[in-house]
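Student: Chain residues, written in single-letter form:
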Amino acid sequence: MALIEFEDVSYKMPNDVMALKHVNLKVSRGELVAIVGGNGAGKTTLLKHMNGLLKPASGTVRVDGRLITEFSVAQLSKLVGLVFQNSDHQLFAESVKEEIAFGLRNFGYQPSEVESRVQYAMRRFGLESLSERAPLTLSGGEKKRLCIALVTAWDPVVLALDEPTVGQDHLNKMRLLALVKKFIEERRTVIIVSHDLEFLWPLQPRTVVMAGGRVVADGPAASIFNNFALLESSGLRQPQLARLALALQSSTPFDNVDEAVSWLKQRYGSYHV
Amino acid sequence: MAKVIYEGLKFRYKTTLIHRLDPRVKMVLSIALFALALLGSNFYQEAITFVVTTVPAVIAKSLRRLMRVVALSVTFGVFVVVINLVAGGTIVESIVLAVRFLEIVASTSLFFVTTSPDELEYVLRWLRMPRDFVFAFATSIRFVPVLLMDLTQIIDAQRSRGLELDKGGPIKRIRNLIPVLIPLIVNSLVRSGELAEAMESRGYGAVKKPTSMNTLRMTLRDWVALAIVLLGTTVLIWLYLYVL
Amino acid sequence: MIALGRTIVEFDDFTFAYAGSPTPAVQHITFSVEEGEIAVLAGLSGSGKSTILKAINGLIPHIYPGEYSGAVRVDGLTVRDTPTYQLAKKVGFLFQNPENQIFMFTVERDIAFGLENMGYDPKVIREKTDWAMDLLNIRDLAKRSPSELSDGQKQRVAIAGSLVMDPKILVLDEPTSLLDPKTALDVVNLAKTLNRELGLTVILVEHRLELVSTIASKMIVVKDGSILLQGDPYEVLFSDGLEDAGLSLPPIVELQKKLGTKVGKPALDVEEFVKEVPKVWHS
Numbered sequence: 001m002a003l004i005e006f007e008d009v010s011y012k013m014p015n016d017v018m019a020l021k022h023v024n025l026k027v028s029r030g031e032l033v034a035i036v037g038g039n040g041a042g043k044t045t046l047l048k049h050m051n052g053l054l055k056p057a058s059g060t061v062r063v064d065g066r067l068i069t070e071f072s073v074a075q076l077s078k079l080v081g082l083v084f085q086n087s088d089h090q091l092f093a094e095s096v097k098e099e100i101a102f103g104l105r106n107f108g109y110q111p112s113e114v115e116s117r118v119q120y121a122m123r124r125f126g127l128e129s130l131s132e133r134a135p136l137t138l139s140g141g142e143k144k145r146l147c148i149a150l151v152t153a154w155d156p157v158v159l160a161l162d163e164p165t166v167g168q169d170h171l172n173k174m175r176l177l178a179l180v181k182k183f184i185e186e187r188r189t190v191i192i193v194s195h196d197l198e199f200l201w202p203l204q205p206r207t208v209v210m211a212g213g214r215v216v217a218d219g220p221a222a223s224i225f226n227n228f229a230l231l232e233s234s235g236l237r238q239p240q241l242a243r244l245a246l247a248l249q250s251s252t253p254f255d256n257v258d259e260a261v262s263w264l265k266q267r268y269g270s271y272h273v
Numbered sequence: 001m002a003k004v005i006y007e008g009l010k011f012r013y014k015t016t017l018i019h020r021l022d023p024r025v026k027m028v029l030s031i032a033l034f035a036l037a038l039l040g041s042n043f044y045q046e047a048i049t050f051v052v053t054t055v056p057a058v059i060a061k062s063l064r065r066l067m068r069v070v071a072l073s074v075t076f077g078v079f080v081v082v083i084n085l086v087a088g089g090t091i092v093e094s095i096v097l098a099v100r101f102l103e104i105v106a107s108t109s110l111f112f113v114t115t116s117p118d119e120l121e122y123v124l125r126w127l128r129m130p131r132d133f134v135f136a137f138a139t140s141i142r143f144v145p146v147l148l149m150d151l152t153q154i155i156d157a158q159r160s161r162g163l164e165l166d167k168g169g170p171i172k173r174i175r176n177l178i179p180v181l182i183p184l185i186v187n188s189l190v191r192s193g194e195l196a197e198a199m200e201s202r203g204y205g206a207v208k209k210p211t212s213m214n215t216l217r218m219t220l221r222d223w224v225a226l227a228i229v230l231l232g233t234t235v236l237i238w239l240y241l242y243v244l
Numbered sequence: 001m002i003a004l005g006r007t008i009v010e011f012d013d014f015t016f017a018y019a020g021s022p023t024p025a026v027q028h029i030t031f032s033v034e035e036g037e038i039a040v041l042a043g044l045s046g047s048g049k050s051t052i053l054k055a056i057n058g059l060i061p062h063i064y065p066g067e068y069s070g071a072v073r074v075d076g077l078t079v080r081d082t083p084t085y086q087l088a089k090k091v092g093f094l095f096q097n098p099e100n101q102i103f104m105f106t107v108e109r110d111i112a113f114g115l116e117n118m119g120y121d122p123k124v125i126r127e128k129t130d131w132a133m134d135l136l137n138i139r140d141l142a143k144r145s146p147s148e149l150s151d152g153q154k155q156r157v158a159i160a161g162s163l164v165m166d167p168k169i170l171v172l173d174e175p176t177s178l179l180d181p182k183t184a185l186d187v188v189n190l191a192k193t194l195n196r197e198l199g200l201t202v203i204l205v206e207h208r209l210e211l212v213s214t215i216a217s218k219m220i221v222v223k224d225g226s227i228l229l230q231g232d233p234y235e236v237l238f239s240d241g242l243e244d245a246g247l248s249l250p251p252i253v254e255l256q257k258k259l260g261t262k263v264g265k266p267a268l269d270v271e272e273f274v275k276e277v278p279k280v281w282h283s
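Protein chains in written order, with my numbering: chain A, 1 to 273; chain B, 1 to 244; chain C, 1 to 283.
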């Protein structure tokens, strides 16, 4: 049984624009799914259905077999942890500790459990040294880490990240990548909404492409990332390594630079002037 | 309450005769109706003023909206009646006061519903209000939709952390607003800082009297409308003072 | 881009600490940009890039006072001694968030904002505003409200609002970081077009070097408030110190570095590289 299931879901915005059109999507436990597309493709709208913030105009959305229309946002959020794009829309507490504790308290954890989960989250995400700092004074990268930490603290079954790399510099993106890889190792179900294909490339995720409110493609990373026409028409930029593999007519994709190096050396022998 | 303010003040883009009038004429119209409401001393006069207000409302295709605003204000109107009765007034007097109040609401609403914030800004400038004040006022209005969007996103984000805004007693509900208000306020402050940088970078304050690309210009239609309004108001005032 | 050889922006041992801060945000910054160049400033968050940009149009020190030493000169004017509104005529500044630099209720009024502030004649304002809107292809948006526009359109409105002032230099502070790939590319191409057709000197801060490496004539890498590397993009991208600054190398550059390509001009994008491959590689 799929953990998250969208069945013929359509959603209309207040201004009458159809943000989702007949979307069908299934996410299984332990999967890593990337949902990609340009701005306005409907990715965030899709995400907001997963924890009940939005309810479909037609079609059904099920989380862990249950219809989202039968549960409150709070109940669903316990299962599907959403990390929003803008950290500044969430942080308000006096200290990092309190910030992490907020969600836990809302979900009804007892004080002792709250304490241990807060400690765990801080340790795991390298926030211990910042525990008494006011979240609003942290750097962009630290805020993002905090937002991911506070969601992880209540151990949701699904972790959904909305555009985690927007506004982040390279170092922070690498840290994010490491965090995601760890989640995958732990066999968590992870959904990443992003238009940053360079960031997603090393993860080689199952990729769902959205454009104009529809799912236009759904498949393994290699087949999607190599489809230049598909990416272009969906407002996305093909990662350089994928473009390179195509241009060189390599039958295998290059997961990273080293693979490209060995391919070239193999194909062309040594380097001559 | 909030709904009244929102509905009553929100400009809706239309191309009716009234909407296309010079905003100064629209202002005169509303002030005239407002004045008539204050001058009326009995029920018939207030009623006539009220009926007269519906004429421009109909032309502006905004009658329904105006009626809705008035309907939403009726509760307050009843409040006015009650207070006046308690203070020793008669029923008739109280009702007159209530109708006067509703008329004031309607005439003010008429102005704001037919006048875009852009036009409003031109009027304030024309009235020679201090530049800084007009700019601050206009910019605040310009960012209202942006702030509303921020608010929605903040509420979404906090609800996703289990915050339930519709549960609990009054004290709990107010406390629950803190995780929503703090990010909103902080974001607004940051935004103000960025706006200040942008203003400075575009030469704000370079000259004491900035010029304006567009200016308000009265057309024939505007003059005619103004004449009708002034004439009509004079007639009604004369009627109220000497006839009714 | 045609570098006309005249220095138009010059940083001379510039060091600055914001008021109330014990440590300088940037120190001993020395570099120059020639008229007609496209210079890219790169570095991690907090490395001082924004500080450097703000020192160009006078936000530093006029809005942000602090300990200021060294000199910054823009088109012959010394920034420290020149009021911001005069610098606004030379330097157009584009901020990261397009929303927070649009003030007025309609597009055309916002574009006219700078000219109104300067007290220009209304007819002139009208002409220049129309010109800017035509240039950026947004004439049809003239009466629209900014909150209805897409991010890309807002960015264009902001650029138009800067161009009306006839600046010689356009400074863009991370213009693409909040945009999706398609819109990001549009903005970068727009900068290139403005440079080519209007001769505007462009200085932009950008993380994703693969977006801008092919249009830049100069790259300046900042780390912890100091300049780590500067020069021709080829020099900078292929030098050894880049990883130190924590920047991401475009994969194609990383590839060539690992291959040890040292002969001839290295390629900055995939297409260039693929053309070179059969020339220099054979089994």
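It is possible that part of the hints are untrue.
Stated by the list, open to error - Below, computed lysine-lysine pairings styled on DSSO-like, alpha-carbon distance capped at 27 Å:
#, chain 1, residue 1, chain 2, residue 2
1, C, 143, B, 14
2, C, 123, A, 173
3, A, 12, A, 26
4, C, 275, C, 257
5, B, 14, A, 12
6, C, 258, B, 208
7, B, 10, C, 168
8, B, 209, C, 123
In case anyone wonders, no lab produced these hints; they're calculated from the structure. This one's a predicted model, so the numbers in the text were calculated from it and none came from an experiment.
Student: All hints are to be evaluated individually against the structure, with a verdict given for each.
Tutor: Do the hints match the structure? See the list:
For the hint pairing residue 143 of chain C with residue 14 of chain B, the CA-to-CA distance comes to about 14 Å; that is within 27 Å, so the pair holds. Among the hinted pairs, residue 123 of chain C with residue 173 of chain A is inconsistent with the structure: their alpha-carbon atoms are about 49 Å apart, more than 27 Å. Annotation: proposed proximity of residue 12 of chain A to residue 26 of chain A holds, straight-line Cα distance about 21 Å (limit 27 Å). With a CA separation close to 17 Å, the supplied pair residue 275 of chain C and residue 257 of chain C stays within the 27 Å bound.
For the hint pairing residue 14 of chain B with residue 12 of chain A, the CA-to-CA distance comes to about 25 Å; that is within 27 Å, so the pair holds. Between residue 258 of chain C and residue 208 of chain B the CA atoms are separated by roughly 61 Å; this puts the pair beyond 27 Å, and the hint is violated. Proximity of residue 10 of chain B to residue 168 of chain C is assessed by CA-CA distance (about 41 Å); at most 27 Å being required, the pair is judged violated. Annotation: proposed proximity of residue 209 of chain B to residue 123 of chain C holds, straight-line Cα distance about 16 Å (limit 27 Å).
Consistency note: the structure conflicts with the earlier hints numbered 2, 6, 7.
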